[in-house]
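J.: Each chain, written out:
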Amino acid sequence: MRFLFSAGDPLFDEAFDFMSMMTVVVLLKVVVAFVVLLVSVMLYIWGMRKWIADMQNRVGPANAGPAGVLQTLADGIKLFFKEQSIPDSADRPIFRLAPYLSILPAFLMFCVVPIGGEVEILGRKTYLQVAELPIGAMFILACSGIAVYGVMLAGWSSGSKYPLLGAVRASAQVLSYEAAFGLGMLAVLMRAGTLSTREIVNQQQWVGMESLVRDWFLLPAFLGFAIFILAAIAETNHPPFDFVEAEQELVGGFVTEYTGIRFAIFFLAEFMNIITMSAVATTLFLGGPSGPAIWPDRFGAGGWVNGTVVPVLWFVAKVLLLTFCTVWIRASLPRLRYDQLMALGWKWLIELAVLFVLYVIVDEVAQAEGWNRAIAIPLALVGGIAAYGVLYLCMPKRGETVEEFR
Amino acid sequence: MSDTTDTNATDADDVALEVDAGEVASATDNSNATQRLRGQTDEGAQKLTLSEKELVLTGAPWPEDDLGDTMLINMGPQHPSTHGVLRIMMELDAEEVVRAKPVIGYLHTGMEKTAEELTYVQGCTNVTRMDYASPLSNELVFCMAVEQLLDIEGPERAQWMRMMLCELNRISSHLLFQATNGMDIGAVSMMIYGWREREESLRLLEKITGLRMNHNFIRVGGTAADLPDGWQRDTLETLAKIERGVHEYDELLSENPIWKSRLLGLGIISTQECLDLSITGPILRSTGFAWDLRKAQPYLKYDEVDFDVVYTTNGDVYDRWRIRLEEIFESIKIVRQCVEMMPTGDYRTQDAKITPPPRARIDESMEALIHHFKLFTEGFKVPAGETYAALESPRGEIGCYMVSDGSAKPLRMHIRGPSFYNLQSMGPMVRNALVADAVAIVSSVDPIMGEVDR
Chain A
3 MRFLFSAGDP LFDEAFDFMS MMTVVVLLKV VVAFVVLLVS VMLYIWGMRK
53 WIADMQNRVG PANAGPAGVL QTLADGIKLF FKEQSIPDSA DRPIFRLAPY
103 LSILPAFLMF CVVPIGGEVE ILGRKTYLQV AELPIGAMFI LACSGIAVYG
153 VMLAGWSSGS KYPLLGAVRA SAQVLSYEAA FGLGMLAVLM RAGTLSTREI
203 VNQQQWVGME SLVRDWFLLP AFLGFAIFIL AAIAETNHPP FDFVEAEQEL
253 VGGFVTEYTG IRFAIFFLAE FMNIITMSAV ATTLFLGGPS GPAIWPDRFG
303 AGGWVNGTVV PVLWFVAKVL LLTFCTVWIR ASLPRLRYDQ LMALGWKWLI
353 ELAVLFVLYV IVDEVAQAEG WNRAIAIPLA LVGGIAAYGV LYLCMPKRGE
403 TVEEFR
Chain B
7 MSDTTDTNAT DADDVALEVD AGEVASATDN SNATQRLRGQ TDEGAQKLTL
57 SEKELVLTGA PWPEDDLGDT MLINMGPQHP STHGVLRIMM ELDAEEVVRA
107 KPVIGYLHTG MEKTAEELTY VQGCTNVTRM DYASPLSNEL VFCMAVEQLL
157 DIEGPERAQW MRMMLCELNR ISSHLLFQAT NGMDIGAVSM MIYGWREREE
207 SLRLLEKITG LRMNHNFIRV GGTAADLPDG WQRDTLETLA KIERGVHEYD
257 ELLSENPIWK SRLLGLGIIS TQECLDLSIT GPILRSTGFA WDLRKAQPYL
307 KYDEVDFDVV YTTNGDVYDR WRIRLEEIFE SIKIVRQCVE MMPTGDYRTQ
357 DAKITPPPRA RIDESMEALI HHFKLFTEGF KVPAGETYAA LESPRGEIGC
407 YMVSDGSAKP LRMHIRGPSF YNLQSMGPMV RNALVADAVA IVSSVDPIMG
457 EVDR
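In the order they appear, the protein sequences are chains A and B. Position 55, counted from 1, in the first sequence is what my numbering calls 57; the numbers after and before it change by one each time, with no gaps. Position 146, counted from 1, in the second sequence is what my numbering calls 152; the numbers after and before it change by one each time, with no gaps.
One chain only, chain B, in its complex shape (with noise of 0.2 Å):
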């Protein structure tokens, strides 16, 4: 069912582009049984494209001769499985949707140009708040984007705490979607579970950043703080615990009758239009291609560890949860490996235009409480020029696109937030699945509306 690509951490990449390589042909020159699998004509495929243009552009209403015998229905924003305020326009007949049209907006909060507004010191503090079930990775692209136009790395302990962290995080959001997908198919134990196993990681968490969401926790050059004393333990114990949980849900569902026959051949995507329409992370993976940014395009520490890019060949529902589910031991074994590893020294950079001076230094050095001053009231100054920073999040590529105009607060910073790309998934899967399929394609797509309207 799920392959796994068996490489070691330094010739990972060559190894699992490859695979891709070959993957990727096969899908799309197998066009007729993608087709076949998706159940529709070539004539379909191009009215969807068309019809969700028309109407994701215009807005207009739904052309009433079209209609028919069909029924529309409007699934959300106050809707008990659209995760957060995700509006669906469904048109459905009898129980089968004919077409499928997300809306958006419901959760806009303008983050994108209140970045404008705030210094880079003060602009981890907002992207945190962008994809809440993955905050550490919002503050880790945003600082690398930062970093990248200071042209400074964090010091070694630094990035391994990043990674660390990130993966706990990632961890933490699939256990989320363990959670929400179980209950979104009806295994209501399951939510309970994930939630179980999600508060442990939370908990782990909160004690290394002082807060279980919305850390602020990695800043521009480094992180806040150290790792707390007795970290090595805690965090073992955690991932102990994790993996014992995550044991059960594979014994709980993964040969469950009617979990299969829910999800096998549902809600099938072709990595061709996976490519089409930007969709990466573990729907992409789903497909056959095995893309991840941690192996194509290593950053932070993560060519010197080993894990695998989980991927699968089928892409429908079943795969995704499959996929996220080993993901979960990935992300084990990455921390693990992390809590070996870790080095000794600073936690942040030593430029003191950067990072803010201790708290003892501000009573005893004036050039101390001269920084800390100016770095809160005005923040640091950041060169000319523009960059992008990209990182696997826990729901795919997410990128930092930061203009700076010399000032201590970009010009224009726009995050590529992978929810909102995926999201665009849904419409081409739901065609001709029954409502409760369509709740369940949802699902696995994972969006998190706080990323997709930012």
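The following block holds chain A by itself, in its conformation from the complex (with noise of 0.2 Å):
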């Protein structure tokens, strides 16, 4: 039972019973962190809104709120009220099924998503994360894996040809670019040698500014961190890879067919998985709510403000520094062509992330069994691109047919 829930969280250190403070904890936290996970693509989306606006000299949203900070709300308002029409065609069932199919894995994907440390809640000791998996890495894996089914089923469900147009090219995007992103998130999984986030936060502390290239596993898997970002802006269908929803390409792509909530519930599962997705960098890459403590002499390294609100804030500034880097991507850049995507992909990305992996590996290995790095490194990377070659000759020429190469 304890490791059905949650191995590490001190919640569970005494037996599992339902009817105590334990399921109290447990529901406030996830009600807690869905509210906060909303609230935060609310702003998300004013942010972008503003952030896109200041970069092309305009204004952007102004009028709902204070600085048009509810407009969000506003526009959510108005959808929830109107109506939702199904097209004859469509797949009735899977139709309404498919929005919230793709909301689940992004809110699913952030419970393992160590935002702070250890907290006292209705006395009970616990982390401030909604569920410490011994496999939180593969959770995320998964997630991801499955994110693609909503959009997929609500293209293919619609009935019609655009939306179809962008199921097919969001199953191929996403299953291209999940080898590469599962690879990224194995540099870091090597050199922690765990599958758990509040491990591999654990292993990232802050002891000083050395902790910024030792500790973070942003320099050890810098390339890591590289496939990983390119694989997420990919798997979220963000720009410049938003081809599953390219307007100007296919409409609306797969929302076409779409109106009212359930089209917002989309806008909302999108956003949210571009904010879960910078989670799980600063998680992986930036050391999650590791930072220096504010102010020491006065607080105390420990103690609430040091202890609790601090590493809240350095996680949330992290986020925030990465969510905007996709609003500046979203900007600037002109958008791909789908097959220059794939090749992206297929050529390059999974080959570097292997070649990386590979390196990873043979440098744990070596610090481990104490070799010389300087040789052992450059021997399997030799090694490596032989491989690579041997496979390259084995392969079909351009432009020949299979039975050809047979």
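Keep in mind the hints are simulated off the structure, nothing from the lab. In this text, a Cβ means the ideal position worked out from N, Cα and C, and glycines have one as well. Hints may contain errors.
[Unchecked claim] Below, simulated DSBU-like cross-link-like pairs (lysine-lysine); rule was C-alpha separation at most 30 Å, straight line: (1) K266/B / K349/A; (2) K247/B / K266/B; (3) K339/B / K119/B; (4) K119/B / K359/B; (5) K247/B / K339/B; (6) K119/B / K415/B; (7) K266/B / K213/B; (8) K399/A / K266/B; (9) K247/B / K213/B; (10) K307/B / K247/B; (11) K52/A / K266/B; (12) K247/B / K52/A; (13) K213/B / K107/B; (14) K380/B / K359/B; (15) K359/B / K163/A.
[Claimed, not checked] Per the computed footprint, the stretches of chain A lying under chain B, defined by three or more beta-carbons under 8 Å from a beta-carbon of chain B, are: (16) 218-227; (17) 334-347.
[Claimed, not checked] Ranges between beta-carbon positions, derived for each pair: (18) W348/A / K266/B: 55 to 65 Å; (19) I377/A / D256/B: 41 to 51 Å; (20) A389/A / A100/B: 42 to 52 Å; (21) G210/A / A100/B: 47 to 57 Å.
Mind docking these for me? Both chains are given alone in their own frames, and the hints should help you get the complex.
T.: Here it is in structure tokens:
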């Protein structure tokens, strides 16, 4: 039972008892996490529109609430009260189900992300994290994998051509980048030697400025970080990889036939995915909630300020930085073409990721065994490239059909 | 990448045309290379023209047995990137366009027929609405045709004013292209930037003509009004702003790897195909044929100003984008010269039969009142005959064919809208392209549907 729920969380140190405060704490954490995520999506959309507006010499939303901060809420309420139409040719149950399928993984993925340290809620010690799974990283991979179902089923069940094209693009795109995404993560998992997100964060704890280069996995897994970010942008269908809903090509892509709140849920899911991916990247590469304590002479190194509040602030700051980068990309880059995205994924990212994982493995083993890394790593890389060469020679040449090759 | 014929005003034509001849020869001789670039065989090319002819002429449904695994998809007339109400029927093999057929007529307003019901005085109001992105070219070509029939020529100042306005209009039209083209390729910020500078040029046009578009400012015999006070300062300030903005686009996109990988080598068309399909403007110039009516058969005062015809040799989408970008700089050059060299004098002809009297004269002169009344009721009579006037609009050769039977209304007026002809290039260019490329290609044609359907 303990394993099933949450191995590391001190909340479950006692025997599991359904009719206790334990349940209340768990439910509270779920609800708070969901609300926080919803509010942050609202703020993200507002921030995105404001930032892009600044980059484009515009004002952006300005009327709803102070500086237009309630614009997203107003849009949501409007969409909620709008008529929802379903095309005659649609597969109705799946058409209705699809929006929820796309929002669920975004939230589930967020559940395993550690936001802060240990806190006491209702007299019970627990982590600031909905669930601390021993297989957190696997869970993240699984969720990002099933996220495509929402998009794919929405496009397919719409019974219309543009959504269908969007759905086909979505499934191919997410499947292609899942491999690079996983391999990018693998570099960190190799370094950390664990799948638990809490454990990964603990290994990146802040001890001084040297943590930035030594303890955070940003530099030890630098290529993994780059690949992870690229793949995450592709997985979340974010510009410049937003082929699934490329307005100029596919009208609305998979959401073409959606109206009202279902339409809103898709966009909620999309932006929630961006925040969740930023949170995951923060956890894996940027040390999660770790960061220097603020004014330790006054508040102490632990305590409620530097033990509880400051880590959360660091986490939020890092997520904010990453989401700002996504907005920056959105505002400045033209869209790639679909086949170029595929070529990038299959021909570059996966190969690079495999080589990098190889490098990390050799590096880790060399450290453990006390080998000379200056010899081991080049040797391993040469071996890897030679293996690629052999594979390349075995492959059919450009323009050669499968029959000719055989 | 983009070459400009660096010529002086005096020997401009000769040099430009010499270069053309060489380029055309190489383009036609090297037909194998062209075919290879387009990735088609002779058979395919023939099939394309046949099927297009069949389908466009007969409007027949797509043959069922011919479809196989392909999918028919309808892009437009309501689609975010078809520039108004263009409709494209596309046959897709997965995402590859097998065939594409433009369907037009959704913006047909019968303006050519309407022109037969309007006097020559009212005509400008009608034609200015055709190519709504460059209305002044339409007005000018109409007025040039009528003036050819009347055998008059506006005063010097009017000629220079017309030239300046047309170039300002070319700038605003090309800025609109920069904006929409960026949008179509997913560079969302580019759209806003393009609009930002276009707003400046429209503001200047509004200051001079009184309206942002559909100006009705160029009239038979001259212009509707003189230039406003302080126009030199306003114009130069606006030009400086636009120049800064366009340099920004250059920095943002020219060397952008995504932009280049999307556009280079896409939608290639050869000089011969352009000539076969009567395609003019930036599309023709992108194939290495430096044909620009401003140089080839100078009208207004284009032979007195110094500017270059921008042309490139690849004939792809990137080149067409690049040409329009560079042409903005050339137009800025022309407008600067206009500001310097603008002569003083009348801005419209003093023939009282054509030009309405000033408002003040109506109160004191019986003749003025009669002329005014006659001009705005029955208009002026134009000698019988027919004529064709042509000039270089931002999109290519815009022409006006006019037949007069000696009355105050044209017997027949036909506008040769460059967008209509240029749109034909879309069919051959999008073959074997992906859907995303098709959007970029249609965008690079820069069709204005008001002009296509007239």
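J.: A separate judgement is required for each hint: does it hold in the structure or not?
T.: Structure-based check of all given hints:
1. K266/B / K349/A: holds (19 Å)
2. K247/B / K266/B: holds (26 Å)
3. K339/B / K119/B: violated (38 Å)
4. K119/B / K359/B: holds (25 Å)
5. K247/B / K339/B: Since the Cα atoms of K247/B and K339/B sit roughly 14 Å apart, the hinted pair holds (cutoff 30 Å).
6. K119/B / K415/B: Measuring from Cα to Cα gives roughly 12 Å; hence the hint holds.
7. K266/B / K213/B: violated (38 Å)
8. K399/A / K266/B: holds (27 Å)
9. K247/B / K213/B: holds (16 Å)
10. K307/B / K247/B: holds (26 Å)
11. K52/A / K266/B: Holds, at about 29 Å.
12. K247/B / K52/A: holds (25 Å)
13. K213/B / K107/B: Roughly 42 Å separates the two Cα atoms, so the pair is violated.
14. K380/B / K359/B: holds (9 Å)
15. K359/B / K163/A: violated (61 Å)
16. 218-227: violated (count 0)
17. 334-347: holds (count 9)
18. W348/A / K266/B: 55 to 65 Å: Between W348/A and K266/B, where Cβ atoms are some 21 Å apart, the hint is violated.
19. I377/A / D256/B: 41 to 51 Å: holds (49 Å)
20. A389/A / A100/B: 42 to 52 Å: violated (33 Å)
21. G210/A / A100/B: 47 to 57 Å: With Cβ atoms ~55 Å apart, the hint holds.
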